[in-house]
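Trainee: Chain B: place on chain A using the hints.
Protein sequence lines, in the order shown, are assigned to chains A and B. Each step along the first sequence adds one to the number in the working numbering, with nothing skipped, and position 48 is 48. Each step along the second sequence adds one to the number in the working numbering, with nothing skipped, and position 54 is 54.
Just to be clear, a hint being listed does not mean it is correct.
Claimed, not checked - Some residues of chain B that are not near chain A, with every Cβ distance over 12 Å (derived):
| id | residue |
| --- | --- |
| 1 | Leu12 |
| 2 | Glu48 |
| 3 | Lys55 |
| 4 | Ala59 |
| 5 | Lys63 |
| 6 | Asp73 |
| 7 | Asn189 |
| 8 | Arg253 |
| 9 | Leu306 |
| 10 | Leu434 |
To be verified - Now the stretches of chain A that chain B is said to cover, found in silico as 3 or more residues with beta-carbon under 8 Å:
| id | segment |
| --- | --- |
| 11 | 52-60 |
| 12 | 78-84 |
| 13 | 108-114 |
Bear in mind the hints are in silico, worked out from the structure with no lab data behind them. Remember, predicted model here, so these are calculated numbers, not experimental data. Even for Gly, the Cβ is constructed at its ideal location relative to N, Cα and C.
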Amino acid sequence: MSEVTLRATNVHKTFAGPKGSSVTAVNDMSLEIASGEFVALGGSSGCGKSTILLIAGGLLRPDQGELEIMGTRPYEVDSTRRASIRSQYIGFVFQQFHLVPYLDALDNVLAPTLARSLPDAEDKAMALLENFGLTERRHHVPSALSVGEQQRVALARALLLEPKLLLADEPTGNLDPENADSILDHLVAFAKEGGAVLMVTHDDRAASQASRSIRMEKGSIVESVS
Amino acid sequence: MNLRRLIGREILHRKLSFGIAVATIATSVAGLVAVVALLGAHDLRTSEMLMRMNKETSAMEEKFTKEMKVYEDSVRKTMKGLGFNIFIFPEGQELGEVYTEGFASKTMPESYTAKLAESKIVTVNHLLPSLTRKLKWPEKERTVILIGIRGEVPIAHRDPKKPLIEPVQKGRIVLGHELHRSLDLQEGNSTMFMGREFIIEKCHRERGTKDDITIWMHLGECQELLEEEGRINAIKALECNCASIDRLGEIRREIAGILPGTKVIETESKALARAEARNKAKKHTQGAIASKKAEAIKLKADREQLRFEDEQKYTALLTVVIFGTMAWVAFLAFANSRDRQAEIGILRAMGVSTSSILAILMGRAFLVGLFGTGVTILLAFLLSDSLKAPLHGYDIKSLRGDIPLVFLFVPLLSCAASWLPALQAANRDPATILRNE
Numbered sequence: 001m002s003e004v005t006l007r008a009t010n011v012h013k014t015f016a017g018p019k020g021s022s023v024t025a026v027n028d029m030s031l032e033i034a035s036g037e038f039v040a041l042g043g044s045s046g047c048g049k050s051t052i053l054l055i056a057g058g059l060l061r062p063d064q065g066e067l068e069i070m071g072t073r074p075y076e077v078d079s080t081r082r083a084s085i086r087s088q089y090i091g092f093v094f095q096q097f098h099l100v101p102y103l104d105a106l107d108n109v110l111a112p113t114l115a116r117s118l119p120d121a122e123d124k125a126m127a128l129l130e131n132f133g134l135t136e137r138r139h140h141v142p143s144a145l146s147v148g149e150q151q152r153v154a155l156a157r158a159l160l161l162e163p164k165l166l167l168a169d170e171p172t173g174n175l176d177p178e179n180a181d182s183i184l185d186h187l188v189a190f191a192k193e194g195g196a197v198l199m200v201t202h203d204d205r206a207a208s209q210a211s212r213s214i215r216m217e218k219g220s221i222v223e224s225v226s
Numbered sequence: 001m002n003l004r005r006l007i008g009r010e011i012l013h014r015k016l017s018f019g020i021a022v023a024t025i026a027t028s029v030a031g032l033v034a035v036v037a038l039l040g041a042h043d044l045r046t047s048e049m050l051m052r053m054n055k056e057t058s059a060m061e062e063k064f065t066k067e068m069k070v071y072e073d074s075v076r077k078t079m080k081g082l083g084f085n086i087f088i089f090p091e092g093q094e095l096g097e098v099y100t101e102g103f104a105s106k107t108m109p110e111s112y113t114a115k116l117a118e119s120k121i122v123t124v125n126h127l128l129p130s131l132t133r134k135l136k137w138p139e140k141e142r143t144v145i146l147i148g149i150r151g152e153v154p155i156a157h158r159d160p161k162k163p164l165i166e167p168v169q170k171g172r173i174v175l176g177h178e179l180h181r182s183l184d185l186q187e188g189n190s191t192m193f194m195g196r197e198f199i200i201e202k203c204h205r206e207r208g209t210k211d212d213i214t215i216w217m218h219l220g221e222c223q224e225l226l227e228e229e230g231r232i233n234a235i236k237a238l239e240c241n242c243a244s245i246d247r248l249g250e251i252r253r254e255i256a257g258i259l260p261g262t263k264v265i266e267t268e269s270k271a272l273a274r275a276e277a278r279n280k281a282k283k284h285t286q287g288a289i290a291s292k293k294a295e296a297i298k299l300k301a302d303r304e305q306l307r308f309e310d311e312q313k314y315t316a317l318l319t320v321v322i323f324g325t326m327a328w329v330a331f332l333a334f335a336n337s338r339d340r341q342a343e344i345g346i347l348r349a350m351g352v353s354t355s356s357i358l359a360i361l362m363g364r365a366f367l368v369g370l371f372g373t374g375v376t377i378l379l380a381f382l383l384s385d386s387l388k389a390p391l392h393g394y395d396i397k398s399l400r401g402d403i404p405l406v407f408l409f410v411p412l413l414s415c416a417a418s419w420l421p422a423l424q425a426a427n428r429d430p431a432t433i434l435r436n437e
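The following block holds chain B by itself, in its conformation from the complex:
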């Protein structure tokens, strides 16, 4: 006879009591497995959702990158074909003033044009220095815009190109539409301007811009009249070409290397409008991608919050279940030890020690925990394939690493719950038991 045999026989004798205790533990372990599986399923679902969303974002990005590349290539080609115009203004010039007045108040040496032309600048094709002022045409009492132009400055390292604009000859002027119309001046007429006589070389047609009140003359004469010899206030660069998308940036960098401090602006052009449209489209798509990414981040945060809430809920529920189970197992242990009073009394009378009695009762409690865990784990494993679908593919078998811990922890919990009733039973005075039986 040994303790194991005694425990085994007692369990077989009180199958119902043992079965109820085992079922209680099994329910509790099932709760634990369910919570872990539900949280695992949640994680799996979150991971699936994020993966799908990231895949969508990646596909969007990939499509966008491809489309942008094609589009940028096309824009680049178009822009290269179109060319564009820029203005170079003197150092320290407030661009705000240029936009309000239409010209720069500050001046720079005319030699800048030559410096630029002699440089190895690759993005600019035609250079037109000018000196512009708004002033009163003294002889006619009219406010006019006077522009002195020299004609095109050839770029030294390139083959000579056909000039885009013909220069105004000395002693000649070109008039805007509003001037020649209102003053009744015609090509070939002579007229006085700031005390000098000029032949009207050309009268422009109506343009509907400030050109209509503009007088163009030779730059040298203009500088003399304005007492700004050797000075200009703008260089216009026409038909600039640039392969990159950030063409203005490239030109600015190139010019800054040659004429430090000067300011470069691009004048409105079709290419500029197209670039803006492209930028808008790019911005829009990038916004859509960013929004998709933000959506994924929000989804992740939402799912994490939901998991946290679920975890709290499950933990609270599990705590109640565990305490409820412990209380019920303790009650069953108490009922069992009460049923076995006479047996315990006689064993004590025979000289069986308190510790052996305790071992008998605790051994039973341990087996209750062991069987309860075993039943649940076995069922969970047997049903794992069927449970995969409702658990979003979560495999309960993946818990196998934690099973030894559960097999240790749950029986110990069962022992803890049975400890007080067992201790009380083992320490009961055998004389009292035997007298009362």
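With the rest of the complex left out, here is chain A:
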């Protein structure tokens, strides 16, 4: 039986808008993702997709509701413990890659070890780079890599600490179809190996790779298709 990796219960998040108004980004939303599940989260811009991703990643405290990651409640502990939960269970992939510009590919992949030490980290990083076809590019800084390579480095970095949950925000948004397919293949492979993936995307082709597609509107789930 699959274990619940992420459980969000009645999560609500409002942001302050202009002139004292407020904007509801996530409206009483509940969501569960089990291990081995690859969930694609779609919807129009501003529907709250990225907000739920940040809440799920323990980076944005919801106004209401509860969140559990692997049975731990990140918003009920202090920021240090929350950071530890992130490094232990979660990997992030962003549309803009957010690689550290002055570190080469290998060091970028190794960056999460600043949060949590890992035995044989360098060997594991090298294995990941090989898996992503980046062995030859390991000593190149991000500016010397193509966007596809950058995103693969970002994905390798997200996987180094063997997370249980991978949160990907438009991971294929800046990529050509070939590179996008490569990234999606790796996400599918991660899910197949027992990881849980929550991917925010506008791309129907990307969403079609997921085991479940969820569509959001005005902060709420309006459709969930397995």
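Mentor: Using the frame of chain A, we list chain B on its own:
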């Protein structure tokens, strides 16, 4: 991957920003080194000037001491050769009266002369007791000075010396020039004085002093006429010799031991004039030395005041430089952390703690301080030999004892300046950063 590696890579990546921060710190440290070196050079210059002045003063003193010794020896010899005369007056005698009247109004026993003569006095050669009064020569209606003299009293413990002055025989008198001239008296004449007849033994030539109105007679007869038997009012000591420079003091001490209470004065003499000249010269030279010493003290005070003023000026300047540097380093740290927002956001998202982010930023700030200090100290040491001349010989290398403190203090100052921007960056909400990037 570790913090050191990350910091190192970031510095290599943002060389210009790091270089500017290092240059800022280096300038500030250079200011600090310059101030310390300038004050050190000032102290060295002061010390040199004082040493030179003290050397000059010592040379002056040495020369003066040598010259004075030679001079005093010569004076001593001269004085010994010249001898000098003193008067011993009775106890309680006002010397002012002696100077105005020319003789003492008080008297002392004539036996004092014998007491002195029998003592082991070594400084006096000839003793002449006398009794002097100013009175009217009744028979001639003239004011005269009457001096009764006994002749010389031999000093008991010495070989008899040839008397300097012959005594006046009883029944005889000696007259001053004005008396015998105006009264038309001559040697061998007889004349009446206070009812007694005297033969004029000698008529002195004109001296131009009160001697010209003086009558000398035998002391015993004088005492009888004045009804002062056995009393005298002065003992004249002639040809006194004394080896020391403070001869009067020595004689006074010696006489005070024999005739307590008596007063001793020295009469004018060549030796006295020479001693005065010597004292004047001594005083003048001593004044010159004292003035040189005062000049050195003033120089020291002036230099200390100048140093104090310089120190205040430099401290104010250094304070401005340090605060300016801190503000600039803080601004550079702020700019650096702003440039690294996305990096900080993703590191936070990966679970890197706030304290680790802070350590990354502060580590960089520490290195800025360390490199800035290192560059300046290295340059200062390399240039120390060339800087010796303009710094009056001050060697910057002499600061090596303080260098560990500077290497600790400056990086800490750099960290302090970077603390707020770093804290702000480390505590920034990663969600906000990642949403906005």
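Trainee: All the hints need checking, so say for each whether the structure fits it.
Mentor: Now the hints, each set against the structure:
no.: 1; hint: Leu12; result: violated, 7 Å
no.: 2; hint: Glu48; result: holds, 54 Å
no.: 3; hint: Lys55; result: holds, 64 Å
no.: 4; hint: Ala59; result: holds, 70 Å
no.: 5; hint: Lys63; result: holds, 77 Å
no.: 6; hint: Asp73; result: holds, 91 Å
no.: 7; hint: Asn189; result: holds, 138 Å
no.: 8; hint: Arg253; result: holds, 97 Å
no.: 9; hint: Leu306; result: holds, 52 Å
no.: 10; hint: Leu434; result: violated, 7 Å
no.: 11; hint: 52-60; result: holds (count 4)
no.: 12; hint: 78-84; result: holds (count 4)
no.: 13; hint: 108-114; result: holds (count 5)
Of the numbered hints listed earlier, those contradicted by the structure are 1, 10.
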